[in-house]
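**Q** Here is what each chain is made of, one letter per residue.
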Amino acid sequence: DQQVKQNSPSLSVQEGRISILNCDYTNSMFDYFLWYKKYPAEGPTFLISISSIKDKNEDGRFTVFLNKSAKHLSLHIVPSQPGDSAVYFCAASESRGSTLGRLYFGRGTQLTVWP
Amino acid sequence: ETGVTQSPTHLIKTRGQQVTLRCSSQSGHNTVSWYQQALGQGPQFIFQYYREEENGRGNFPPRFSGLQFPNYSSELNVNALELDDSALYLCASSFRGLAGDDEQFFGPGTRLTVL
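Just so you know, the protein sequences line up as chains D and E, in that order.
Counting from 1, position 41 in the first sequence corresponds to residue 41 in the working numbering; the numbering is continuous, with no gaps.
Counting from 1, position 1 in the second sequence corresponds to residue 1001 in the working numbering; the numbering is continuous, with no gaps.
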């Protein structure tokens, strides 16, 4: 049972424009959400996170939005750059404040940024 | 600061064999998690180790076992290999403190092929 879903396997965006990657979850106990970026032959790299007490977190070109009522989060990349081309994984945890740090991952979205 | 390292990079085994994968945690981290990423899927949680004890386990059979050593490095052992065990195995380390777990940092993974 996939508790974290990324329904778009791929996204293609022109350089300089906004990339929006979406993620849905089903488990209402999730209280911490993360985005990871993965290049081929490398492990996932932590990008940005958000706690369920917030609805937005920003870090440079990357902003994550959380809509708890809809169980939906999104990652915005503005402006998109060719180096952003990678697979992006959405992940969730049900216990940021305790000691059970298991992450549930979506299947990933391949972002391609073209010049 | 040394990141998470894994060995070997690639491995080919045959059905029924046993395999041991190794992981060295990032400096300062005391918790190790193992994930299996099958082709086209997101990483799936196998188990987590903290203070040399298993601290949470995903939906994997007992033939998947692990160890954590006093220096926080870790091993993943898989017995009686099956074709479906072919995947990228990712190790992630994190720091567990009084406030819970910090973000997990991933190694580059070990690509296991079972023939």
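Derived by calculation from the structure, the hints in this document are not laboratory data.
Treat the hints with care, since some could be wrong.
Said to hold, decoys possible - Which bits of chain D does chain E cover? Going by a derived footprint, with three or more residues having C-beta under 8 Å, they are:
hint, segment
1, 74-83
2, 102-114
What the hints assert, rightly or not - Derived CB-CB ranges, DEER-like:
hint, chain 1, residue 1, chain 2, residue 2, range
3, E, N1079, D, P9, 39 to 47 Å
4, E, R1051, D, E15, 24 to 32 Å
5, D, Y39, E, S1027, 38 to 46 Å
6, D, K56, E, G1003, 27 to 35 Å
7, E, G1058, D, S28, 43 to 51 Å
8, D, G16, E, K1013, 41 to 49 Å
9, E, F1095, D, S28, 38 to 46 Å
10, D, P9, E, G1003, 34 to 42 Å
11, D, A41, E, R1022, 24 to 32 Å
12, D, Q3, E, N1079, 25 to 33 Å
Glycine included, C-beta positions come from ideal geometry on N, C-alpha and C.
**Q** Just to be sure I understand the hint, the distance between the Cβ atoms of D:Q3 and E:N1079 should be within 25 to 33 Å; is that true here?
**A** holds (28 Å)
**Q** Range first: 38 to 46 Å. Now tell me if the beta carbons of D:Y39 and E:S1027 are that far apart.
**A** Distance hint for D:Y39, E:S1027 is violated at roughly 23 Å.
**Q** Between the beta carbons of E:F1095 and D:S28, is the distance compatible with 38 to 46 Å?
**A** violated (27 Å)
**Q** Quick one: are E:G1058 and D:S28 within 43 to 51 Å, going by C-beta?
**A** violated (20 Å)
**Q** Would you say the C-beta atoms of D:K56 and E:G1003 sit inside 27 to 35 Å of each other?
**A** Holds: the Cβ-Cβ distance is about 29 Å, inside 27 to 35 Å.
**Q** Take the C-beta atom of D:A41 and the C-beta atom of E:R1022, compute their distance, and say whether it sits inside 24 to 32 Å.
**A** With Cβ atoms ~18 Å apart, the hint is violated.
**Q** For the pair E:R1051 and D:E15, does the Cβ-Cβ distance stay inside 24 to 32 Å?
**A** This hint is violated: roughly 47 Å between Cβ atoms.
**Q** Does the beta carbon distance between D:G16 and E:K1013 stay inside 41 to 49 Å, or does it fall outside?
**A** holds (46 Å)
**Q** Using C-beta distances, would you say chain E covers the segment 74-83 of chain D, given that this needs three or more residues below 8 Å?
**A** The restraint on the segment 74-83 of chain D is violated, since only 0 of its residues have a Cβ under 8 Å from chain E and three are required.
**Q** Just tell me: holds or violated, for the beta carbon distance of D:P9 and E:G1003 against 34 to 42 Å?
**A** Given about 28 Å between the Cβ atoms, the range is violated.
**Q** Just to make sure I understand the rule, a stretch counts as covered if three or more of its residues have a C-beta closer than 8 Å to a C-beta of the chain. Does the segment 102-114 of chain D meet that for chain E?
**A** Since three or more residues must qualify, the claim that chain E covers the segment 102-114 of chain D holds, with 7 doing so at under 8 Å.
**Q** May I ask you to test the hint 39 to 47 Å on the CB atoms belonging to E:N1079 and D:P9?
**A** violated (34 Å)
Consistency with the previously given hints fails for numbers 1, 3, 4, 5, 7, 9, 10 and 11, ordered from lowest to highest.
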